[in-house]
Amino acid sequence: MWRVWWVVVGALTLVVVEAAKLNEKQTKPRCQDMEGRQRKVCYERNRGYTALMYAIDRNTTEVFDILLRAGSIVNAVSAKGLTPLYLAVDLGNEYIVDKLLQKGADPNTVSTTGVTPLHAATYWGHQNVVEFLLEKGADPNLQEKDGFSVLHKAVYYNFPSIVDIFIEKGSRVDSQNKKGHTALIHAAEGGHTVLVDKLLKAKANPNLQDTSGKTALHWAVLKQEKEVVRSLLKACADLTIQDNRGRTVKDLAKVVRVKNKDEDLKKKVEIIKLLADHNVASCS
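Mapped onto mature numbering (1 follows the signal peptide of the UniProt record, and there is no 0), the consecutive letters of the sequence shown carry residue numbers -19 to -1, 1 to 265.
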């Protein structure tokens, strides 16, 4: 009995000490490298963390279990609107995520920037966590302050299987962010032909315009994504739509700049021909 008591006291003391250390370093950023992604993410530690939040942030499962059994508040909110669930999702710790959801953690809490746990799971490509959250009632149509939905993120970071999940769960495929970008526009601009085809199959509108007046086809032409252009033409994308500068896709195809003169010039010519030869009657 006494051994158990001292283990608990020791664990809680460790959390308190770690919390004190972290509070002294509030402005020190923590950085994470994402394997397979050419970027580094840094963020500052937030004030207002509870002991449970620190245990999760330090990925100490044993301490987390002790605190959870002791009745820690699972829906506590930090100064920036982060919850224990958000932190667990960000780390991709499926065990902690599952435990928090079992204890009634709200999957739809929103941070000060409008980010939900589902956004965080999607950002990192944590597919199992995405499924956990959706099973517990996470809303796939909530948008961040910049208008990004989870479907936008799944497409932007090219996670086809997660895109499938969101489409199946009723994500609005034509949702637009603050710049007017749809998931289809992101897929077209990124050259993700597989995602373009998935979205078109889900009845995404190829003719929606962003705030610059461009459609998915405009972006595909600008980025010289020939196969995306082909898919959009087959889906009846409108060639007559003009952007805010009065340019149709045929206009853009002629003036787009090429970097690699041989390869890119060939692609440019092929796209111009695709547009010129397009027969509206052949689209579906």
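Mixed in with the good hints there might be a few duds.
[What the hints assert, rightly or not] Keeping only pairs whose Cα atoms sit at most 25 Å apart, straight-line, the calculated DSS-like set for lysine-lysine is:
1. Lys150 x Lys61
2. Lys80 x Lys150
3. Lys150 x Lys84
4. Lys204 x Lys249
[Stated by the list, open to error] Label pairs and their in silico Cβ distance ranges:
5. Ser142 x Asp219: 24 to 34 Å
6. Gly118 x Arg50: 17 to 27 Å
7. Gly118 x Lys61: 16 to 26 Å
In case anyone wonders, no lab produced these hints; they're calculated from the structure.
Just so we're clear, the structure is a prediction, and the values are computed from it rather than from any experiment.
The beta-carbon is built from N, C-alpha and C at its ideal position, and this holds for glycine as well.
Hints, verified against the model:
Distance check on the hinted pair: Lys150 and Lys61 sit about 29 Å apart at the alpha-carbon level, beyond 25 Å; violated. Distance restraint check for Lys80 and Lys150: the Cα-Cα separation of roughly 23 Å lies within the 25 Å cut-off, and the hinted pair is therefore satisfied. Simply put, Lys150 and Lys84 have alpha-carbon atoms about 24 Å apart, close enough for the 25 Å limit, and the pair holds. For the hint linking Lys204 to Lys249, the alpha-carbon distance of about 10 Å falls within 25 Å, and the restraint holds.
For the pair Ser142 and Asp219, the beta carbons lie near 31 Å from each other, so the given range of 24 to 34 Å is met. For the pair Gly118 and Arg50, the supplied restraint of 17 to 27 Å holds, since their beta-carbon distance comes to about 24 Å. Between Gly118 and Lys61 the C-beta distance comes to about 23 Å, which sits within the given range of 16 to 26 Å.
Violated hint for the displayed structure: number 1, the only one.
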